[in-house]
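Residue numbers (the numbering used here), protein chains in the order written: chain A, 1 to 554; chain B, 555 to 717.
Read the hints as simulated data drawn from the structure, not as lab findings. Think of the CB as a built atom: it goes at the ideal place given N, C-alpha and C, for glycine as much as any other residue. Be careful, since some hints might not be right.
Partial pick of chain B residues on the chain A-facing surface, computed with a CB cut under 7 Å [claimed, not checked]:
{"no.": "1", "residue": "621"}
{"no.": "2", "residue": "622"}
{"no.": "3", "residue": "625"}
{"no.": "4", "residue": "637"}
{"no.": "5", "residue": "640"}
{"no.": "6", "residue": "641"}
{"no.": "7", "residue": "650"}
{"no.": "8", "residue": "689"}
{"no.": "9", "residue": "695"}
{"no.": "10", "residue": "696"}
{"no.": "11", "residue": "701"}
{"no.": "12", "residue": "710"}
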Amino acid sequence: MPEPNMYRYDEFDAQFVAERVAQFRGQVARRLTGELTEDQFKPLRLMNGLYLQLHAYMLRIAVPYGTLSSRQMRKLAHIARQYDRGFGHFTTRQNLQFNWIRLVDVPDILSELASVEMHCIQTSGNCVRNITADQFAGATPEEIEDPRPLAEIIRQWSSLHPEFVFLARKFKIAVGAAAHDRAALQWHDMAVQVVKNQAGRAGYKVTAGGGMGRTPYIAHVMREFVERADILAYLEAVLRVYNQDSRRDNIHKQRIKILINTIGVEEMRRRVDIEFDEIKRAGTLQLPQAELDRITAYFAAPKFETLPDAMPKGDADFEAWKKTNIHRHKAPGHAIATISLKAIGQVPGDASADQMDAIAELMDEYSLGEIRVTHEQNLVLPHVRQRDLPTIFARLKAIDLATPNAGLITDIIACPGLDYCDLANARSIPIAQSIARKFADLDRQHDIGELKIKISGCINACGHHHAGHIGILGVDKKGVEFYQLQLGGSGAEDASIGDILGPAFGEHEIADAVERVVTVYLKERNAGERFLDTYRRLGMAPFKAAAYQEKAAA
Amino acid sequence: MTKLLKGGAFAADAFAPVADDAPLPDGGAVVSLSRFEKERENLLARNAPLGVRLKSDENPMRLGDDVHRLSLVVLEFPKFRDGRAFSWARMLRTRFGFKGEIRAVGDFLYDQINYQHRVGFDAWEVPDDFKLEDFARALTEMTNVYQPSTDGKKTIRELRAAR
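Take the sequences, apply the hints, and build the full model.
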């Protein structure tokens, strides 16, 4: 079994996680005896990733920066079988959720996770959440460097940070290092991007105040260039200003986006700089080069075989898969392969225990034991040989995971919605399924090209509807589910907030409305133009007219 | 009812809480920030230890250099979810170098005591049935820490470097 080049716990990390498990075991015991009320237990369980959903407890497992080893994948399959209903759900924050968990089992599940260097720390609650990253990190030729060492450094710094575990609201951080943003950086509370300054020296650009939900905002640039050694000092300064100055009187106005957009980014920068200078002077958070080097060594690029670029050819199915699911790797003769978890008619992001085990085998045999989870709820084999692609494709096909739709209209992000979530107003999964069925024809999907549909079952926007080229938001009108259509959003480097088209559509109208919108695009597009770009060029009017056409006629 | 936990033991409270409109006692007293700001001269002129009680939305910066003439700063947790006082305590210790007592009062949980201890609290107003061994346990559930704080505890990074 190959050991992937990723962070490995040393005795300190292992002890930390083990003690955290023991601590939670005690908290669960106190809850079960009634010593803790549900209200008191809630923030404690949330900081260990445990939600109380509509039907059962949901446990959210951290997948730091979306990187998993085959050993970890097998453990997840085991937990799915042993403690859940045989499947798990990969989320938009690169985590994995189990939806049918019993409270009494949770301490044992956490022990199982600790045995493969995993945990649920801070996957929920008003604290710094799992650090997410570009899923092609370390594999793409586009990046300045692998951003995951930085993500690991941030993960450690933010783990049970004594000052920041009872923030006003949750706080999501993402990292990236490529010009093409696959991590939705500008939609995060804070994001760090590896950049080079004019002198050619690498450092970090920090943005903050992005966020979805009731009040969507694209992030502001806080600082164009932070020196490597200063990065934790700067992040701590931002968190400190947020913790001190955020509102606490209205849960809808307590994210950092509201603070920054209320006081203005200039004032935010001024306040952050005061803290930043003070922390730098104290010196305790300076990041020594030796520490950066030590963490970076864990993620060192594997020794790739010397191979010529030679992409194999195959039948029409294979070629279709290659076209959308294969991306260029930095090493010649290699490729990055996306495993779509969006088979037509399936639940976006779900994988069965058997699929997880089969994927673990593929990881070991073909991808140096490693896999990535994407924020679009797919998986990625980061380091495969081009010559192995036909075999990988055949093996994936045998487990229904060879869907050739990465980035296409049926590669839909959807939150769990009212099928699971007690916050939801409407179901998301059946809408995703009905749209996917409508566009199931592969030639048609390829003709439409890149088109990102994102569906949320409530205003909290876990399904990223604001960032969808086509976004769909479920709303509740007097007990009936309706769906609002939004166009022109983006979660990439050209981030934008989708425009609300007009009155919501009924459950049985929304897929048809999407189809009419797409038809306008196909008619109006210039050669090579994506849906998003046609929308931006033409504006809302023709799309709106088409979307409501049938309604008006009826 | 509550009792005071200080220096790892239960202790007598040397500070009488004084309402904004009540007369000042002879000995140690704790007043609100607004009273302190109104009666600063008088309060600082008293020959007795003085404490100021801050609400969670009152930034200790408002005390300015006067903080060094105080013996106690009381930080309120109006509800355990309100974590601003963690930053206020940190600020008192590192920005001001405040050496006096920082006391946690209000609605905080056993599970927050370790974090409070790490950012500079050294006294807690706890329920009467609170057990001393629980305090000791709260501070030792997690042996090591990843981030530097005002407690000066060696971080995991430092422990690694020292191996």
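To see whether the hints hold, each was checked on the structure:
Taking 7 Å as the C-beta contact cut-off toward chain A, the hint placing residue 621 of chain B at the interface is violated, the least distance being around 16 Å. Hint status for residue 622 of chain B relative to chain A: violated, with the closest Cβ pair at about 18 Å, above 7 Å. Residue-level restraint check for residue 625 of chain B is violated (minimum Cβ-Cβ distance to chain A is 24 Å; threshold 7 Å). Hint on residue 637 of chain B holds. Least Cβ distance to chain A is approximately 3 Å, under the 7 Å limit.
Because the smallest distance between the Cβ of residue 640 of chain B and any Cβ of chain A comes to about 5 Å, under 7 Å, the interface hint for this residue holds. About 5 Å separates the beta-carbon of residue 641 of chain B from the nearest beta-carbon of chain A, less than 7 Å, and the hint is met. At about 11 Å, the closest approach between the beta carbon of residue 650 of chain B and any beta carbon in chain A exceeds 7 Å, and the interface hint on this residue is violated. The criterion of a C-beta within 7 Å of any C-beta in chain A is not met by residue 689 of chain B, whose closest approach is roughly 15 Å, and the hint is violated.
For the restraint placing residue 695 of chain B at the interface with chain A, the shortest Cβ-Cβ distance is roughly 5 Å, inside the 7 Å limit, so the hint holds. Proximity of residue 696 of chain B to chain A holds as hinted, the smallest CB-CB distance being about 5 Å (cut-off 7 Å). Contact between residue 701 of chain B and chain A, as hinted, is supported at the beta carbon level, the nearest pair being about 5 Å apart and thus within 7 Å. A cut of 7 Å between beta carbons decides the hint on residue 710 of chain B: the least distance to chain A is about 4 Å, and the hint holds.
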